[in-house]
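A.B. asks: Construct all of the structure, not just a fragment, from the sequences and the given hints.
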Amino acid sequence: MYKFCCVGFIFLLPFSCNNASSSADDIIVKISSKQQKPIQLGDTLRLEIIEKKHDEMQPISYKIGAISLPVLDKATVILTDCMLGKQTLEATFSDGKQTTTASVALEIFSDRTPSLLKYEVLQTYPHDMNAYTQGLEFYNDTLYESTGQYGNSSLRSVNFETGEVLKKTALDKKYFGEGITILNNKIYQLTWQENTGFVYDVNTFSEIQSFDYHQSKEGWGLCNDGKKLYKSDGTEKIWMLDPATFQESGFIQVSTNTRMIESVNELEWVSGKIYANIYQRNAIAVINPKHGGVEAVIDLSALKDKVTQHDKLDVLNGIAYHPTRKTIFVTGKNWDKLFEIKILEE
1 MYKFCCVGFI FLLPFSCNNA SSSADDIIVK ISSKQQKPIQ LGDTLRLEII EKKHDEMQPI
61 SYKIGAISLP VLDKATVILT DCMLGKQTLE ATFSDGKQTT TASVALEIFS DRTPSLLKYE
121 VLQTYPHDMN AYTQGLEFYN DTLYESTGQY GNSSLRSVNF ETGEVLKKTA LDKKYFGEGI
181 TILNNKIYQL TWQENTGFVY DVNTFSEIQS FDYHQSKEGW GLCNDGKKLY KSDGTEKIWM
241 LDPATFQESG FIQVSTNTRM IESVNELEWV SGKIYANIYQ RNAIAVINPK HGGVEAVIDL
301 SALKDKVTQH DKLDVLNGIA YHPTRKTIFV TGKNWDKLFE IKILEE
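Each residue of the sequence shown is one higher than the one before, counting from 1 in this note's numbering.
Hints are computed from structural coordinates only; laboratory data are not their basis.
A few of these clues could be false.
Below 27 Å or equal to it, Euclidean Cα-Cα: the simulated BS3-like pairs (lysine-lysine) are [to be verified]: (1) K118 x K97; (2) K306 x K333; (3) K337 x K326; (4) K173 x K312; (5) K52 x K63; (6) K290 x K228; (7) K312 x K174; (8) K342 x K273.
C.D. replies: Okay, structure coming up:
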């Protein structure tokens, strides 16, 4: 049994801020130079209102997406209930006769510094060293795994205690397998750059259908909340998909209190949060799915030293929550071990 404490520096890097503005015919809205940076969720945002023709325009509304923001005065709003990341603030004004709209781009960060979670290794199990793990998920006490690499990608079910592959289907060599999730007895599997996902029967692995991506051009990680799918594409974005139509209803952007987090990879839904591998970080980010804020970080880099070292050994990837045991199983690309861990209370 091992105990570790994560190190937080991997997500606590400097922020950047976009202060660009765009103008309407009669009015320009800019972020005030007095605005404290970085701009965070819940902040009082100070604006500069520049009127080209007259000063009788009064604000009707300030919105970010569909969210109307509380207004303190003509040039001050509160950033409540907003999505994080790169956003556009739309301001609508009226002089009683006509209305005009202006917008300003801004970047909103989380209002919460990620906590640093400790974990405990409960058990270690064998894992196929040749499996380039891309997706990992439990369903009805069976572990399912998606593996990558052209010519070696597969979907498989595994006895997690012995590492035995119980069932396996290979992808065509033109596909690079990526994340999986399971919902209503269907396995959803992504491919990397082929703009294609697959749906299988969970019992037989027979292919039910394939689907195309839309705005999210690449496939990385996949999870579900029991109703909709969440899909990462290698950027800071996690997209929400309808599991029947595969239409994207929007996305969240993963952010700490100081920076956006890119290369979001393997996903797992755990107790109302999204747990995400961050590619090349050997860490898990715990993400609020409502707005994308990183609430906690788990540094699992110490686990890589506990597997057999070899030429093809790659990074941590693969998160599977076991709902009965209430533990998390993690492994990596070409790791020969699967670790069952328990996240300790803060």
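A.B. asks: Are the hints correct? Go through all of them and say.
C.D. replies: Now for the hints, and whether the structure bears them out:
no., hint, in the structure
1, K118 x K97, "violated, 60 Å"
2, K306 x K333, "holds, 14 Å"
3, K337 x K326, "holds, 20 Å"
4, K173 x K312, "holds, 19 Å"
5, K52 x K63, "holds, 22 Å"
6, K290 x K228, "holds, 13 Å"
7, K312 x K174, "holds, 21 Å"
8, K342 x K273, "holds, 16 Å"
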